[in-house]
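**Student:** Sequence:
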Amino acid sequence: MSSSCIPCNRPFGSEEALHQHLRDSPVHAPSFDCETCNRPFGSEEALQQHLRDSPAHQQNTRTPLDAFFRSYLTFDYDPSLAPTDSYANLQKHKGWHRDQTESTDAWNRYQNALEKEFKMWYGAEDDLAAWHALCRAIGIKPLPETCEQCEKAARRTHVNIVDLIECRRGNKGRVQTFRNVEELRTYTRMTGKVFRNRFNQEDGNVVLRHLLRNIFRESL
Numbered sequence: 001m002s003s004s005c006i007p008c009n010r011p012f013g014s015e016e017a018l019h020q021h022l023r024d025s026p027v028h029a030p031s032f033d034c035e036t037c038n039r040p041f042g043s044e045e046a047l048q049q050h051l052r053d054s055p056a057h058q059q060n061t062r063t064p065l066d067a068f069f070r071s072y073l074t075f076d077y078d079p080s081l082a083p084t085d086s087y088a089n090l091q092k093h094k095g096w097h098r099d100q101t102e103s104t105d106a107w108n109r110y111q112n113a114l115e116k117e118f119k120m121w122y123g124a125e126d127d128l129a130a131w132h133a134l135c136r137a138i139g140i141k142p143l144p145e146t147c148e149q150c151e152k153a154a155r156r157t158h159v160n161i162v163d164l165i166e167c168r169r170g171n172k173g174r175v176q177t178f179r180n181v182e183e184l185r186t187y188t189r190m191t192g193k194v195f196r197n198r199f200n201q202e203d204g205n206v207v208l209r210h211l212l213r214n215i216f217r218e219s220l
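One point on numbering: in the UniProt record's numbering, the residue at position 115 of the sequence shown is 115, and numbering is uninterrupted.
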């Protein structure tokens, strides 16, 4: 009596041969995929760890940016929006003008939240996994094998920091990169995606300092 694998449309000479096919064929291997993040995992344990630890799956996510926007209790905050859009909506909601003390204080708090958010997603410069997350976001292939190699690649890349934050918050693919600082400056001014550059070469052990550029100074 022959047996068939309906998904594969293949006949087998015996029930035993069919069971061996179902056991060994990669087509029938168990799938451990995160549909939200569009990422495959090698085991159920790895998938469960991802679901447990990834900020994308935490209920009532409280990232630094979420905490900032939700501190304004009357503001209808939508975490799915880009941070720049949320801040613009907050400004309209509060009716702030540029030189108001409340507006200046909020801008400083927003910039602090952006800085903390970047560090949360991309980690420290001695963490290879953090570097690889950055390299994926800016399209570096193949992934460098050491932190030092990642650093060299990042130093040659011009990218908007707010875009990098959006990329991780929204589980997006790679971000736009630019040929030079002038192109990055034009894009930053056009989109309003401003990240305050207050770092110098002696600032802490963070990936961020290798990506910062002087956007609003003509002398580079």
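Incorrect hints may appear among the rest.
Using C-beta positions, here's what the derived DEER-type ranges look like [stated by the list, open to error]:
1. 120 with 95: 28 to 36 Å
2. 67 with 24: 15 to 23 Å
3. 136 with 191: 18 to 26 Å
Cut-off 30 Å, straight-line C-alpha distance, at most; resulting in silico cross-link-like pairs (DSS-like, lysine-lysine) [to be verified]:
4. 116 with 94
5. 94 with 119
6. 141 with 193
7. 152 with 116
8. 141 with 119
9. 193 with 172
10. 152 with 141
11. 193 with 152
12. 152 with 172
13. 94 with 193
14. 119 with 152
If you're looking for bench data, these hints aren't it; they were derived computationally from the structure.
The beta carbon of each residue, even a glycine, is placed where N, CA and C say it ideally should be.
**Student:** Which numbered hints does this structure break?
**Tutor:** 2
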